[in-house]
Amino acid sequence: MEVFTQTIINGLVLASIYILVALGFALIFSVMQVLNFAHGSMYMAGAYVCYYWGFALGLPPWAAIAMSAVVLALFGVFLEKFCFRFLEKNFNRTLMFALALIVVMQTAADVTVGGYVKRVPSVLPGLTTIAGITMSKERLIACVIAVFLLLAVFFLIRKTTLGRQMRAVALDRDAASLQGINAHRIAALAFGLSAGLAAVAGGLMGSIISLNTYMGDTMLVKAITLVIIAGMGSIGGLFVSGLIVGLVDAILPIFIGGAGSEVVAFGFAILILVVRPQGLFGQEI
Amino acid sequence: MRMDRMKLSGGLLGIVVLIVVSLLLPSPAMAQQKKADAKIIKIGILAALTGFASAAEVHQKDGALLAIDWLNEKGGITIKGQKYLFEGVVEDNKSTAEGAKAAAEKLVYDHKVKFIAGATIPYINIAAAPVTEAAKVIRALNYVCDTPEELNAKTRYTFKPNPAIREGIGPALDYLVEKFPKVKTIAMITPQDGAESVLGAICDKEATQRGLKQVIVVAWPHDTADFYPKVTQLLASKPDAIFIVNGYEQATAPILKAAREMGFKGPAPMGNYDDPYDIVKLTGKDYTAPFWTHGWSRDVNDPQLTPEMKEIIKRAEAKLGKFHQWNFWGWTEVWAIAQAIEKAQSLDTTVVANTWRKMDSIKTPYGPGKMCGEKTYGIKNVVCSRVAITEVLPDGNVKHIKWVNVNLP
Amino acid sequence: MTEKHEEPKKKPIRKYGALGVVVALLFLVPLLPTNNPYLMHVCILILTYVMATSSLRTIYISGQASVGHAAFMGIGGYTSALLSMRLGWTPWITILLGAVGATLVAVVTGYLFSRLRAIYFSMVTLFFGVAIEALMRSWVSLTGGRSGLVGFPGMGVLNIPGVGTINFAASKVPYYYLLLFLALLTLLILYRIERSRTGMNWMAIAQSPLVASSIGISETKFRVLAFAVGCFFAGLAGSAYAHYNGVISSSSFSLMPSIYLVIYMLLGGMGHFAGPIIGVIVLVAIPELFRSLQEYAPFVFGGIMLLVIFLMPQGLAGLFDSLRPWFARVARRGIR
Chain W
1 MEVFTQTIIN
11 GLVLASIYIL
21 VALGFALIFS
31 VMQVLNFAHG
41 SMYMAGAYVC
51 YYWGFALGLP
61 PWAAIAMSAV
71 VLALFGVFLE
81 KFCFRFLEKN
91 FNRTLMFALA
101 LIVVMQTAAD
111 VTVGGYVKRV
121 PSVLPGLTTI
131 AGITMSKERL
141 IACVIAVFLL
151 LAVFFLIRKT
161 TLGRQMRAVA
171 LDRDAASLQG
181 INAHRIAALA
191 FGLSAGLAAV
201 AGGLMGSIIS
211 LNTYMGDTML
221 VKAITLVIIA
231 GMGSIGGLFV
241 SGLIVGLVDA
251 ILPIFIGGAG
261 SEVVAFGFAI
271 LILVVRPQGL
281 FGQEI
Chain L
286 MRMDRMKLSG
296 GLLGIVVLIV
306 VSLLLPSPAM
316 AQQKKADAKI
326 IKIGILAALT
336 GFASAAEVHQ
346 KDGALLAIDW
356 LNEKGGITIK
366 GQKYLFEGVV
376 EDNKSTAEGA
386 KAAAEKLVYD
396 HKVKFIAGAT
406 IPYINIAAAP
416 VTEAAKVIRA
426 LNYVCDTPEE
436 LNAKTRYTFK
446 PNPAIREGIG
456 PALDYLVEKF
466 PKVKTIAMIT
476 PQDGAESVLG
486 AICDKEATQR
496 GLKQVIVVAW
506 PHDTADFYPK
516 VTQLLASKPD
526 AIFIVNGYEQ
536 ATAPILKAAR
546 EMGFKGPAPM
556 GNYDDPYDIV
566 KLTGKDYTAP
576 FWTHGWSRDV
586 NDPQLTPEMK
596 EIIKRAEAKL
606 GKFHQWNFWG
616 WTEVWAIAQA
626 IEKAQSLDTT
636 VVANTWRKMD
646 SIKTPYGPGK
656 MCGEKTYGIK
666 NVVCSRVAIT
676 EVLPDGNVKH
686 IKWVNVNLP
Chain G
695 MTEKHEEPKK
705 KPIRKYGALG
715 VVVALLFLVP
725 LLPTNNPYLM
735 HVCILILTYV
745 MATSSLRTIY
755 ISGQASVGHA
765 AFMGIGGYTS
775 ALLSMRLGWT
785 PWITILLGAV
795 GATLVAVVTG
805 YLFSRLRAIY
815 FSMVTLFFGV
825 AIEALMRSWV
835 SLTGGRSGLV
845 GFPGMGVLNI
855 PGVGTINFAA
865 SKVPYYYLLL
875 FLALLTLLIL
885 YRIERSRTGM
895 NWMAIAQSPL
905 VASSIGISET
915 KFRVLAFAVG
925 CFFAGLAGSA
935 YAHYNGVISS
945 SSFSLMPSIY
955 LVIYMLLGGM
965 GHFAGPIIGV
975 IVLVAIPELF
985 RSLQEYAPFV
995 FGGIMLLVIF
1005 LMPQGLAGLF
1015 DSLRPWFARV
1025 ARRGIR
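First to last, the sequence lines map onto chains W, L and G.
For the first sequence, this note's numbering assigns the number 285 to the last residue and increments by one with no breaks.
For the second sequence, this note's numbering assigns the number 694 to the last residue and increments by one with no breaks.
For the third sequence, this note's numbering assigns the number 1030 to the last residue and increments by one with no breaks.
Looking at chain W on its own, in the form it has when it is part of the complex (with noise of 0.2 Å):
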């Protein structure tokens, strides 16, 4: 029962933490029509950026989950503002663009930090016992962070003027322009949220497990294929795509090799491609 429970507990963390990511990567899709695939190099930044304030400047973690947000944040909107804003019309070059940053933060990453082992400081360190199971509280506290966090964007989204902007940028840009919104005023800040969004992911990763260079690779394929099932365009569906693939992360490998249970999560996607190509909640193709 304890075994059951913790792995259920591990699997809801991954998926929220798997669903920040891919809120963000959706979100710039959405507004901007963007595919950003730097966004996994965000994630890794914000990981690093984290341990660089809790670490080197001995910040209290919950400040420096905090201030990586915020740095990536800006990062993000300057990163519209300068750079994906001339760039927008263009596909190719916006292609370009998110690749040449994939390479300068990589290595950035490889020469500052490199070889020494990192890891995040635990927001929350020791064990604690709920119900009679013990459980690490960092991955419960990691998990609470992201469930909360998660729930604001979607009230953001749903619920304010912004959210309402964001909404209208995204089905039509030109209309909504019309209207009197800022359409790029609104890329900016999506831009913004997205890139904090996946920096808090990359901090309360960091200290669950640990640091390396590679971690942004690894979690946009996550992102994308959290896209595919849920489809283009869906934003909730992300919270049920997010769920599968947690769980499948956390269960399978318990049982069958690590690989095989990624190889599960992509034949799974590989069949909603093939089967219902808009995803399970997307509206378009």
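Do not take every clue at face value.
Simulated pairs of lysine-lysine, BS3-like, Cα-Cα distance not exceeding 27 Å [to be verified]:
id, chain 1, residue 1, chain 2, residue 2
1, W, K137, L, K570
2, L, K439, L, K397
3, W, K137, L, K467
4, L, K550, L, K464
5, W, K137, L, K655
6, L, K523, L, K379
7, L, K359, L, K655
8, L, K550, L, K498
9, L, K397, L, K324
10, L, K655, L, K467
11, L, K655, L, K595
12, W, K137, L, K397
What the simulated footprint calls covered on chain W by chain L, stretch by stretch (three residues with Cβ under 8 Å from a Cβ of chain L suffice, anywhere in the stretch; the number is not a length) [claimed, not checked]:
id, region
13, 181-192
14, 245-255
If you're looking for bench data, these hints aren't it; they were derived computationally from the structure.
Built from N, CA and C at the ideal position, the CB exists for glycine as well.
Got chain W; can you put chains L and G on it based on the hints?
For chains L and G alone, kept in the frame of chain W given last:
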């Protein structure tokens, strides 16, 4: 998009210019070669600068370069009256098989080295072997996982001066039985790098010899991020002890942490040489014990550490700002190569290899070593010295317990 | 826009002269005094990437931005390596079979993904490339997993009656000629297809699928065709290189290699057939020339990319566009 033939030719002419220019530029390696023939021995360092293995091999590279500085400060070596200094050349093996082969080729064909230090992972060493063996280039490996292709009777130019997993299993289990006599069952966890079945069999035998029963062998893929599922599998058989056979700190620590978080309080020793300080840092100082490894203490005041180890620690902190225990690896390799060359009084690698095999004793930072391994590997290319038992105490402090001499038949 | 008027007839020597010189020079490279095995290795690498990147461009001009191309190189390579290793067939045949294998997978997936619009297609191909690599990595009994396959046969010894024997195991030079031949063949075939009706159709569906289908050009058929052709040559490149290298493992065909192929192509410029060639040479030569920088080389890489993105939207090949009037004035040829 117009595809004018003129454009095509224009474009291709541009390419010709580029090719010609880059071909005619004298290669930097070649220019150095002319100067270098005089008094320099180049030692190639095949290390992972990118990819998952870089966490360890970057430090091996640093250690090798430190050793080269140290040797040069002492005046290098003398061969038949001619003084020789050393120079290090680093190539990135990218933690992949192709990267290893490409880096080996660069070192052998481009830099024209005759001696190489590195690397660690089985499939990397196996990929580089055909290149180095065919060119009769002497290689001093970081580590061997005991698969037959890594080190065997045919790899006459491949040596292993550092203690590796084979030497580590026995002493770790001995200490387990000594300190925790009530332990009866043991669960083993190791990376899925091609060596897991070989190591599983070896561990089984060693465990049985000491009255322990190995209940499960769990293998994890190299890019595992979250170890909870694997550790769940490990603990499912409710072992008294966990044996973390191979791995590296970024995997060992999460494994240990997951086990502790799942309520496992028993001993969780290592069979290999992970850094105890990093493990404590990553796992948490209240969680780690009972745990021991063959990694080394850094306490320069501990009389049980050899003078060479203390020298390396000092130099690393002075030159690099920070010491990492894998600096020992690189240093051991370079030092061993230098000793073998000096003993052989020749730069002919066949002569050096044969001499190395016949050396009565050879110095390593860990203590004096002798050549061994004829029966175990089919070739006497292994330096057997001694391994440390370094324990992490319940308060999170690291303590060197003892040295254990090893001998591989 | 394609011209409608007739090109003034020029003597073949003028049209193909420059090209001929280049090709002849390429054949003479191994005879250079500075030749050494390492130079051969770099050239072989460049030739392989030229094949892969040019074939990627073929896919791109039909409006499909594939970001998983390296996976098809891997399918070709593994197929060829396994057939030659497990079944003992000669690499001369398995190389072709590798390409065929890649094409088969391409046809199936190309068809599956043909209804996806451009941006989504990119994402899905990226995903698919990674999925294939994960499969290669985890099917350990077949592919050796991360350790890969080692020791499958090279091209062996070739006996040409009247000429002599060519021993591929003895040096890299025969492999250089083999790859040179394959690369030239690839470029020739791709160029001809692009200039043919099929190529025109590809450009049509890339520019405006609706208009194209309204005049009877089947979008699906041509998209799948482009994808299949592109992946055939990717598979060919992958298998030829695998037998040269003697080692193959899944890490060569993962996300970053696919990304690098796209980068080589875009940097060189998609608008010109020679674009990928230029991109590959520049970006492969740079790390070699800047070898002293070691781990900082990707910064130079990234820097060049950013320069090109913001200053040269047409890629490096686009430079020749802007320089052409200058050449024309110098050569007094009165070209447009």
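Hints and how they fare:
1. W:K137 <-> L:K570: holds, 16 Å
2. L:K439 <-> L:K397: Roughly 22 Å separates the two Cα atoms, so the pair holds.
3. W:K137 <-> L:K467: Not satisfied, since the Cα-Cα distance of roughly 31 Å exceeds 27 Å.
4. L:K550 <-> L:K464: holds, 15 Å
5. W:K137 <-> L:K655: Since the Cα atoms of K137 of chain W and K655 of chain L sit roughly 50 Å apart, the hinted pair is violated (cutoff 27 Å).
6. L:K523 <-> L:K379: violated, 38 Å
7. L:K359 <-> L:K655: With Cα atoms ~24 Å apart, K359 of chain L and K655 of chain L stay inside 27 Å; holds.
8. L:K550 <-> L:K498: holds, 19 Å
9. L:K397 <-> L:K324: holds, 15 Å
10. L:K655 <-> L:K467: violated, 36 Å
11. L:K655 <-> L:K595: holds, 22 Å
12. W:K137 <-> L:K397: The given pair, whose Cα atoms are some 55 Å apart, is violated under the 27 Å limit.
13. 181-192: violated (count 0)
14. 245-255: Result for this restraint: holds, n = 7.
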